[in-house]
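Asks: In case you want the letters, here they are:
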Amino acid sequence: MQMDTLPQTRDERRVEQAVGTKPPATAGRKSVIDAKERIAAQGVNFFYGPKQALYDISLSIPEKHITAFIGPSGCGKTTFLRMINRMCDVVDSARFEGKLMLDGTNILDKDTDVVSLRRRIGMVFQKPNPFPKSIYDNVAYGVRLYEKKSKADLDAIVEDSLRKAAIWDEVKDNLNKPGTALSGGQQQRLCIARTIAVKPEVILMDEPTSALDPIATAKIEDLMLELVKDFTIAIVTHNMQQAARISDRTAFFFMGKLIEVGDTDQIFTSPRERQTEDYITGRFG
Amino acid sequence: MADNAVENLRAQKTRQGLFFISMSLGATLVVIMMLISLMGYMAWKGSARLFFSPVVEVLHADGTTSVAALNHNIEVDCVEKDGRVSPKNPAQAAKQYANQALENSLSTVPIQPDVKVEVWKDEIVEVEDPWETEGGKPVKIKQTKQVKKEELVGAKEVSRNAAAQSYVLTLADNSQRTFGKEFSLQFRDKSGLLNLATLSSRFMQANPEILSKRKGEVEAALSKNIKSGFIPLNPAWKVHELAHVEKGHGQNVYMAEQRVAELKSAVGFRIVNQWNWFEFFWAFPRSSNTEGGVLPAIYGTVMMTLIMTLVVAPFGIATAVFLREYARDTWFTRLVRLAIANLAGVPSIVFGLFGLGFFVLIIGRGVDNFAYGGDKVWGTPCVLWAALTMALLTLPVMIVATEEALRTVPNELREGALALGATKFSSIMTVVIPSAMPGILTGVILAVARAAGEVAPLLLTGVVAQKDQLPTSLTEKFMNLAYHIYDLAVKSPPNRIEEAQSLAFSAALVLVMVVLAMNLLAIWLRARLTRTAR
Numbered sequence: 048m049q050m051d052t053l054p055q056t057r058d059e060r061r062v063e064q065a066v067g068t069k070p071p072a073t074a075g076r077k078s079v080i081d082a083k084e085r086i087a088a089q090g091v092n093f094f095y096g097p098k099q100a101l102y103d104i105s106l107s108i109p110e111k112h113i114t115a116f117i118g119p120s121g122c123g124k125t126t127f128l129r130m131i132n133r134m135c136d137v138v139d140s141a142r143f144e145g146k147l148m149l150d151g152t153n154i155l156d157k158d159t160d161v162v163s164l165r166r167r168i169g170m171v172f173q174k175p176n177p178f179p180k181s182i183y184d185n186v187a188y189g190v191r192l193y194e195k196k197s198k199a200d201l202d203a204i205v206e207d208s209l210r211k212a213a214i215w216d217e218v219k220d221n222l223n224k225p226g227t228a229l230s231g232g233q234q235q236r237l238c239i240a241r242t243i244a245v246k247p248e249v250i251l252m253d254e255p256t257s258a259l260d261p262i263a264t265a266k267i268e269d270l271m272l273e274l275v276k277d278f279t280i281a282i283v284t285h286n287m288q289q290a291a292r293i294s295d296r297t298a299f300f301f302m303g304k305l306i307e308v309g310d311t312d313q314i315f316t317s318p319r320e321r322q323t324e325d326y327i328t329g330r331f332g
Numbered sequence: 002m003a004d005n006a007v008e009n010l011r012a013q014k015t016r017q018g019l020f021f022i023s024m025s026l027g028a029t030l031v032v033i034m035m036l037i038s039l040m041g042y043m044a045w046k047g048s049a050r051l052f053f054s055p056v057v058e059v060l061h062a063d064g065t066t067s068v069a070a071l072n073h074n075i076e077v078d079c080v081e082k083d084g085r086v087s088p089k090n091p092a093q094a095a096k097q098y099a100n101q102a103l104e105n106s107l108s109t110v111p112i113q114p115d116v117k118v119e120v121w122k123d124e125i126v127e128v129e130d131p132w133e134t135e136g137g138k139p140v141k142i143k144q145t146k147q148v149k150k151e152e153l154v155g156a157k158e159v160s161r162n163a164a165a166q167s168y169v170l171t172l173a174d175n176s177q178r179t180f181g182k183e184f185s186l187q188f189r190d191k192s193g194l195l196n197l198a199t200l201s202s203r204f205m206q207a208n209p210e211i212l213s214k215r216k217g218e219v220e221a222a223l224s225k226n227i228k229s230g231f232i233p234l235n236p237a238w239k240v241h242e243l244a245h246v247e248k249g250h251g252q253n254v255y256m257a258e259q260r261v262a263e264l265k266s267a268v269g270f271r272i273v274n275q276w277n278w279f280e281f282f283w284a285f286p287r288s289s290n291t292e293g294g295v296l297p298a299i300y301g302t303v304m305m306t307l308i309m310t311l312v313v314a315p316f317g318i319a320t321a322v323f324l325r326e327y328a329r330d331t332w333f334t335r336l337v338r339l340a341i342a343n344l345a346g347v348p349s350i351v352f353g354l355f356g357l358g359f360f361v362l363i364i365g366r367g368v369d370n371f372a373y374g375g376d377k378v379w380g381t382p383c384v385l386w387a388a389l390t391m392a393l394l395t396l397p398v399m400i401v402a403t404e405e406a407l408r409t410v411p412n413e414l415r416e417g418a419l420a421l422g423a424t425k426f427s428s429i430m431t432v433v434i435p436s437a438m439p440g441i442l443t444g445v446i447l448a449v450a451r452a453a454g455e456v457a458p459l460l461l462t463g464v465v466a467q468k469d470q471l472p473t474s475l476t477e478k479f480m481n482l483a484y485h486i487y488d489l490a491v492k493s494p495p496n497r498i499e500e501a502q503s504l505a506f507s508a509a510l511v512l513v514m515v516v517l518a519m520n521l522l523a524i525w526l527r528a529r530l531t532r533t534a535r
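If you're matching them up, the sequences are chains A and B in order.
Heads up: the first sequence is residues 48 to 332, going by the numbering used here.
Heads up: the second sequence is residues 2 to 535, going by the numbering used here.
It is worth saying that the hints were derived from the structure and are not from the lab.
Yeah, the Cβ is synthetic: ideal placement off N, Cα and C, and Gly gets one too.
It is possible that some hints are incorrect.
With a cut-off of at most 30 Å between alpha-carbon atoms, the simulated DSS-like pairs for lysine-lysine come out as follows [as the list claims (entries may be wrong)]:
#1 A:246 - B:492
#2 A:98 - B:425
#3 B:425 - A:174
#4 A:157 - B:425
#5 B:425 - A:224
#6 A:198 - B:468
#7 B:425 - A:211
#8 A:111 - A:246
#9 B:425 - A:146
#10 B:425 - A:196
Beyond 12 Å from chain B on every Cβ pair, some chain A residues (computed) [to be verified]:
#11 82
#12 265
#13 270
#14 322
Facing chain B, according to a computed beta carbon distance under 10 Å, are these residues of chain A, among others [stated by the list, open to error]:
#15 136
#16 161
#17 172
#18 174
#19 178
#20 188
#21 189
#22 244
Extracted from the complex, chain B is given alone in its bound form (with noise of 0.2 Å):
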């Protein structure tokens, strides 16, 4: 009897279903973990240096301050006063602060907060900005005007090559360019480190009247700054640099460099907790692309997107168009839509491929040799090449759902308006597309959202890793958000490895958010012209 009833229940489980609702659940609720883990692990790896990495704030001769993000790794015991964070031991900080910097070839290092400030009107000589530096990087050693060698106290250390030497000259006179240029204007400590101090005071030409004026402002607005918990920095800790740039650590070199013109007049600095998504999404990139922003990755992301939305729009609407509303179910027509399948399954390197041999190559250099008698203007990888070849690619996307779109405008509704005299086209234009409008933009929008993260094609049409200008014209190279993701992750120096995983996840959390928000406006989308429309 029990067995008998056990027998009923079970049989009637497996009527109802139980174990496949179940394993549907559990399918459902396996999709929801991994979606919200990817969120998760995105959001929480990209905001630690998206929103609340420790930067320092820095401290400018004119007594303006501005931020930068050091080296985040630095651990200071803080206390928070007045909304600002700042270190327990200015003086602790500051030398936790050389050591580290010291490890990691930053250039810019404090001392105790008791200096001097001292003018040495005597020494000045007159010289030219020994390197020129144009957004951290070299651009030209200028020959250096000759100094008398026993004025140079200190200098047999440096001066063994023409670039080290260089390279002390041009962190000295970052290290005090508001000082600097007009008149000159040293810290001095007790210690001792006078000597190269005193050297890069040399170099500066000056204007003893300025000087003199200046003096005084300068004093106070140290001495303010000091006060209020500012760590000053010291000149002094640029030997250190020296010594890596001696032994030949190129990468050293020119690593410390770039921070040295991030630090362009710096007096001063302490390290505060601060949100720092503005620079993150204003700035360009710098230091191989492991400090500053990704700007010119989403601007190239999006221009290379709107230009392909531009063609494959239009061209899908009207592929599918014709297909649907003229074409007749023939052989042809079947083929069609077999290729556009087929299309949708093609790996995009391919479409790379073919863009580069096609656009590039064929288009591109036959306009050249036509047009520009051979110059390469449109022949080399660009972003009109690369939206063309996104666009190829999105086609199928594109086609597919505006024809299903159309397939849905009840039929009622074309004959209502051949009915009123409408010739079918006009009856296409006025009735029928705008009520597949819901169902077109869908397919714009998922176009877009497939761009906007497909590397591949990119790749081999014109992508690059790092462009410090935003690209104007059609002819130009682009960064792009994913391609962005990928150099921060594999392509970064190996002592910035660390740095630079964290922009990649910033930059994924990022590239995440623009497909979500496109999404959402295709959601949004649909839904008020679903309103409107039915």
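Just chain A, same shape as in the assembly (with noise of 0.2 Å):
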């Protein structure tokens, strides 16, 4: 039986890593490069004050496919992800040029409309962070802000979008406890419930599951997986195990420059470059 030449599925790939039996199957898959890009960066640079973050970056995001950056810390690939939806405006020194595509549009435009833009792009951060209100409102709220919907369709959002987040089971009876009271993994699914509820195109994760047990981390990666169906997905990880197991195609960031990207089988097995090699082998970071 001639496994390598049978099209793998991602789950296989995940259960063969998970048991050890197997390296990342390489040969076979088609290319993520072959999918349709969403995000195009090129030659963004970042500076926090006078000290330049991200030196010419230039890498695309393909559409409903899973993106990871990986680096060590302090590399950029934080602060890349949060030009993507401008979350870095929050940072009063923050300036950046370069181009970030969306849709032939210039993300990193002065004319931008961040907000539309954020809600096209939503992010899942590192920790949990539901509001203070019951879980209901917490993933009514992005709807809320800008469409007066009827209850029955509001519910009908929360349902759904606590479906796909895979948590509905666990709180559908407490819709109105505050989603502060869940668990750590639940809490972080209830935020990409929330995110997902306002249908964004793409979603940003950044390190969603560092906060959390491998037991919740496990329940995210498979909902990431589920996600990716229907929307495209970057996710900044330091689990290079996560990157490996769910990532299409991964991004090496290394002291502000992206060093390597390509497919994630490609990245893992096969580096090009040097220093790629030497993270994902431990060598240092």
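Got two chains here, separate frames each, mind docking them using the hints?
Replies: Here it is as structure tokens:
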């Protein structure tokens, strides 16, 4: 039986990696580079005051795939992620240049409407951050900001989002309980539900599982693999196994520079750059 | 060897900081002792008047009873029967009370219970109520209709001046008001105190028909009430009051006059131990604040504090939000913060002076000149200006507490809201402020507690010692609990000091309880909001 010749699903790869029977398969899979490009960065520079944090980043994020940003702490991967929905504006001294194209418009333009941009590009944070409101209100928050929906419509959106975030069964009887009363993993899934309730095109995730235990992490990862059927996902992670397990495409950042970007299988099995290899094999970082 | 061990032990104790720990414990105990003794003293001194003071139950001619706080210093041997405390020997108690009342310028004094009721139809003349009273204070003296001199038996003693005469007439009239006006009825004892009784009966306008109809009722009521232990009041005792008047004890005239107003239509009384907290909380002060309750003071405090809260909360929150959420750290914001910290340390009387100068004289007078043609409507100290001054005083507390509360809201929440497409403003309104609500409320309560206890700014901006109506508009002056305490403690008439002092302690107890209640409310609100918010 020639396994290598058969196209593998992502789940099969995960199982094999998890049980350690097989290294990540590379052959026989179509490259994700063929997928439609959703966001394209061209020559992006970023400065915190006088300090440059990103140097000339150019990469693309394919539609309905998971793109992982890896790299040691302080390498700029989170900064880059936060540029995509302009959350970097929160910092007063932030300054940036270059092009970050979404549907033919430059996200980094001065006159970009960041509020509507953020509705198109949602974000999940490192620390679960449910609002001090009920579970229902948490999910409905983003919708209520801009749309006046009937109670029934809103109920439907909330239920749908919670189902998609795989938390509906756990909370359906307690929708009026405060979101903060949930466990860490549940809170993070609630935050994901909250994000997808406004139907974004892209979901950015900034180390979404770093504050969670392995079981909660596995649930979030399952969820991401489910969500990627509908959404484009970019994730920052410190956990290389996680990147290998779930992502289709990986970008390695180091010292504010993009060292290498490619299909996950290729990055993890045959990195082109020396630094990438050193990092993923644990020689530094 | 032993020395060494002692050394070691000492060194060990030093390392563990035993001295420091015991000092801290001692300091804590001192603080607790102070709190307990403060509360205990207030409760003890305050409740003496508030709860357990001896008062008299007054019997009215129509058979109804009411409670009056008479002189609470009377000591009478009492027996408790059927849950009611009555004098052991009513006659003796009456005498005792009479003596005491005499000393204390009280006007209602009883005699022995063998009183007869007589109706003096033939001596009735028409006369106007000579001295109208309102709330115990003389309002106006009407011209007394002339009566034949010879009919006024014993009038010589009382008619030396108009005031004295009127006074006597008032007393007599008041003592039997329910009997009087329509018909007159007089107690008369055997011992010849008839003169005055007769005198007053002459000044009553009567309708003989009603008179005869009521006579039986009154007699029945009196005999029944005397039977049930009431000590009958005897108008004759007013002779002694009169003596005081004639001696020119102006103060006594006033006091006695008030007392009678209080005991309108009283025909008897008995001493009871009674909770009079209801009166304390619901009545107006009388007799230079030494009688009655503190309702207007509580009302004024609450009204002023409410208006202040309505002003200080939005301003404080808005300022704190601007400083915390919008302003960058520049020399300007640092200057603002410095100014706020300094304002918190400015003596409150300075705020009072500012309130008087700015709000009353500049703004108030300005409004008057502009809109009222110079009539003083807003240009005098009043509750609005006092509340605004107090708002200014508590603003620093409010701002600092709110800023602190905003600081504790994690940045993740702000970013979470922004990432969902909220503008900065809507993220503040829908996420940041609700999350900071427990802390903001704490700030409000702190401000309210401070305002409730602060007096100095009010002195200049609208507080008064006595007011016989509740303020209903913003331009009225008002009473205040804290100022009321001061007034009771140092400004009461010399012969009422004891009563005023016990009232002052009661008022202080109320004030402490109000502040305590507000703090408990704050703790409860905080706990509740924290439970739902975190």
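Asks: Does each hint hold? Answer for all of them.
Replies: Verification of the hints:
no.	hint	result
1	A:246 - B:492	violated (73 Å)
2	A:98 - B:425	holds (26 Å)
3	B:425 - A:174	holds (20 Å)
4	A:157 - B:425	holds (17 Å)
5	B:425 - A:224	holds (26 Å)
6	A:198 - B:468	violated (54 Å)
7	B:425 - A:211	holds (28 Å)
8	A:111 - A:246	holds (14 Å)
9	B:425 - A:146	holds (25 Å)
10	B:425 - A:196	holds (22 Å)
11	82	holds (25 Å)
12	265	holds (23 Å)
13	270	holds (18 Å)
14	322	holds (31 Å)
15	136	holds (9 Å)
16	161	holds (9 Å)
17	172	holds (6 Å)
18	174	holds (5 Å)
19	178	holds (5 Å)
20	188	holds (6 Å)
21	189	holds (4 Å)
22	244	holds (9 Å)
Of the numbered hints given earlier, the model fails hints 1, 6; all others are met.
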